[in-house]
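Colleague: So the chains spell out like this:
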Amino acid sequence: MIAHAIVFYIFSLIAIVSAIMVTVSKNTVNSVFFLILDFISISCLFIMIGAEFLGMIMLIVYVGAVAVLFLFVVMMLNVAQQKNEWFNSSGRSSHIPVGLLVSIIIFFELIIVVGGWKYKPDLLDSIAIEINTDLTNTQSLGSVIYTDYIHLFQLSGMVLLVAMIGAIVLTFRQRSGVKRQSYFKQISRDRKDGIELVDVENNKGVKIDA
Amino acid sequence: MAELVIFFEQIYRILFLLIPVLVSVAMIVWLDRRVWAFVQKRRGPNVVGPFGLFQTLADALKYIFKEIIIPASSNKVIFILAPIVTMTLALIAWAVIPFSETFVLADINVGILYLFAVSSLGVYGIIMGGWASNSKYPFLGAIRSAAQMVSYEVSIGVIIINVLLCVGSLNLSDIVLAQKDLWFVIPLFPMFIIFFISALAETNRPPFDLPEAEAELVAGYQTEYSGMMYAMFWLGEYANILLMCAIGSILFLGGWLSPIDLFPLNVIPAPIWLILKILFLFILFALIKAIVPRYRYDQLMKLGWKIFLPFSLIYVVLTASFLMYFDLLPGN
Numbered sequence: 001m002i003a004h005a006i007v008f009y010i011f012s013l014i015a016i017v018s019a020i021m022v023t024v025s026k027n028t029v030n031s032v033f034f035l036i037l038d039f040i041s042i043s044c045l046f047i048m049i050g051a052e053f054l055g056m057i058m059l060i061v062y063v064g065a066v067a068v069l070f071l072f073v074v075m076m077l078n079v080a081q082q083k084n085e086w087f088n089s090s091g092r093s094s095h096i097p098v099g100l101l102v103s104i105i106i107f108f109e110l111i112i113v114v115g116g117w118k119y120k121p122d123l124l125d126s127i128a129i130e131i132n133t134d135l136t137n138t139q140s141l142g143s144v145i146y147t148d149y150i151h152l153f154q155l156s157g158m159v160l161l162v163a164m165i166g167a168i169v170l171t172f173r174q175r176s177g178v179k180r181q182s183y184f185k186q187i188s189r190d191r192k193d194g195i196e197l198v199d200v201e202n203n204k205g206v207k208i209d210a
Numbered sequence: 211m212a213e214l215v216i217f218f219e220q221i222y223r224i225l226f227l228l229i230p231v232l233v234s235v236a237m238i239v240w241l242d243r244r245v246w247a248f249v250q251k252r253r254g255p256n257v258v259g260p261f262g263l264f265q266t267l268a269d270a271l272k273y274i275f276k277e278i279i280i281p282a283s284s285n286k287v288i289f290i291l292a293p294i295v296t297m298t299l300a301l302i303a304w305a306v307i308p309f310s311e312t313f314v315l316a317d318i319n320v321g322i323l324y325l326f327a328v329s330s331l332g333v334y335g336i337i338m339g340g341w342a343s344n345s346k347y348p349f350l351g352a353i354r355s356a357a358q359m360v361s362y363e364v365s366i367g368v369i370i371i372n373v374l375l376c377v378g379s380l381n382l383s384d385i386v387l388a389q390k391d392l393w394f395v396i397p398l399f400p401m402f403i404i405f406f407i408s409a410l411a412e413t414n415r416p417p418f419d420l421p422e423a424e425a426e427l428v429a430g431y432q433t434e435y436s437g438m439m440y441a442m443f444w445l446g447e448y449a450n451i452l453l454m455c456a457i458g459s460i461l462f463l464g465g466w467l468s469p470i471d472l473f474p475l476n477v478i479p480a481p482i483w484l485i486l487k488i489l490f491l492f493i494l495f496a497l498i499k500a501i502v503p504r505y506r507y508d509q510l511m512k513l514g515w516k517i518f519l520p521f522s523l524i525y526v527v528l529t530a531s532f533l534m535y536f537d538l539l540p541g542n
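First to last, the protein sequences are chains X and W. So for the first sequence, the working numbering puts the first residue at 1; every next one is plus one. So for the second sequence, the working numbering puts the first residue at 211; every next one is plus one.
Since the hints were derived computationally from the structure, they do not count as laboratory data. All values derive from a computational prediction rather than experimental measurement. Glycine included, every Cβ here is placed at the ideal spot set by N, Cα and C.
To give a feel for the contact side, a few chain W residues facing chain X, derived at Cβ under 10 Å:
id, residue
1, Val287
2, Asn319
3, Val320
4, Tyr324
5, Ser330
6, Val333
7, Tyr334
8, Met338
9, Gly340
10, Ala342
11, Ala352
12, Met359
13, Glu363
14, Gly367
15, Lys512
Given only the sequences and the hints, what does the whole structure look like? Please build it.
Modeller: Take a look at the structure:
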């Protein structure tokens with residue numbers, strides 16, 4: 001049990017320190033790497049409390065896909081420079097109230113969560129479905145998501161779909177003059193379309209474009 | 211005291227797994243070059259040791275004694291971290307590979323998700339190396355590689371779902387045991403082909419080795435690396451290839467099971483079967499490296515997103531409806 005506690009504190013310490021480093025570090029790419037470290041240590045914490053499915057999904061989705069895209073954006077757009085300009089610009093005071101508002105809201109939410117923790121034993125009584133400890137995580141999640149909560153699950157799927165379509169619409173632009181390869185066109189060409197035998201008159205040449 | 215004994219026992223078991231993996235990575239590099247040479251009617255490495263078996267060790271020794279050059283304008287911490295990340299991720303995945311019913315380091319019940327997660331982290335070694343080099347070719351190589359790996363992971367994930375539908379468990383040992391009567395390569399043959407091609411792309415093997423396409427990008431993300439750090443990238447890459455072969459043989463070729471449960475075949479120890487299957491897949495990898503010309507980048511992306519992904523998604527629906535209709539769903 002002591003070893004368990006030590007490992008827990010190591011992971012949570014790494015998680016908190018790297019979360020602080022995300023906001024503090026000057027280099028944006030380093031921020032993203034600290035964010036990845038944060039995700040990884042949080043998924044380790046998930047695994048420690050026995051939620052191995054959530055932990056692995058966290059690794060696959062957030063670290064394996066989302067953070068890669070973050071890195072892409074940060075590396076390509078040179079956000080570090082913009083960030084510095086943003087901090088040094090004269091208009092920065094206008095951003096502070098918004099930031100403060102968001103952080104106050106998050107602070108109160110955290111208070112509510114921690115307050116709820118105090119009533120944790122009562123909280124467990126109020127849940128709708130009985131906890132079956134024989135099943136593995138994955139099985140119990142699957143048996144609940146696809147039966148009792150199917151509508152919520154599908155709804156969240158729709159929300160994701162809308163977000164995806166929105167992102168595609170926002171970034172999609174038709175460019176002209178792009179050469180595309182069409183396999184059917186290539187395959188269906190035969191000798192007649194490709195080659196033409198022409199008798200060339202002396203000193204006249206051939207007009208190539210038809 | 212008892213805890214200490216368990217601790218050292220675990221370390222012994224880890225070493226007992228890790229050292230054979232590292233040695234077999236060295237051997238597999240030799241095999242790769244031999245197969246490649248065989249196809250092209252050359253001899254390949256045949257000087258150091260019997261049949262040139264120690265060629266890789268000689269190469270490794272050379273790399274160890276070479277100077278490590280760190281570019282002046284690079285981000286040094288990330289530059290040094292990148293090969294370490296690649297190597298570590300390639301090795302930790304082996305923890306869950308079951309070599310027989312009892313011979314597995316960590317028999318966790320989300321084994322296949324763990325493998326998928328670790329292989330999706332593999333892209334970081336390459337991105338970090340490419341970006342930290344602070345040079346154009348490595349960066350381009352890293353971006354290509356990241357896009358490629360993320361794309362092909364999607365179809366590998368869907369293929370894994372196909373297999374899981376037939377198994378009903380995420381545990382790797384369960385996946386192997388579910389193939390006792392019928393290897394999944396037979397009912398899911400198209401998925402096996404797509405998995406194999408995606409594995410080629412995921413490990414940056416030819417014909418999808420665009421991240422290090424030497425004609426365009428010098429050596430891709432490895433351009434600025436030298437000495438031991440280059441060797442670590444290289445070992446990590448081959449360890450990843452071996453791992454992909456192992457995943458393929460566990461998902462489709464019945465892992466440690468013998469082809470038929472008959473007398474002369476089932477006395478051969480289980481790990482030998484797995485190793486033979488891994489070798490079979492690896493020789494296919496090596497042959498394809500020798501035979502197939504490199505893909506163009508837009509063709510690669512088109513193949514991943516427009517052909518493999520829809521096809522494997524449709525196959526998920528097919529598999530699920532087939533299992534449902536004939537009441538073959540596991541766990542009922």
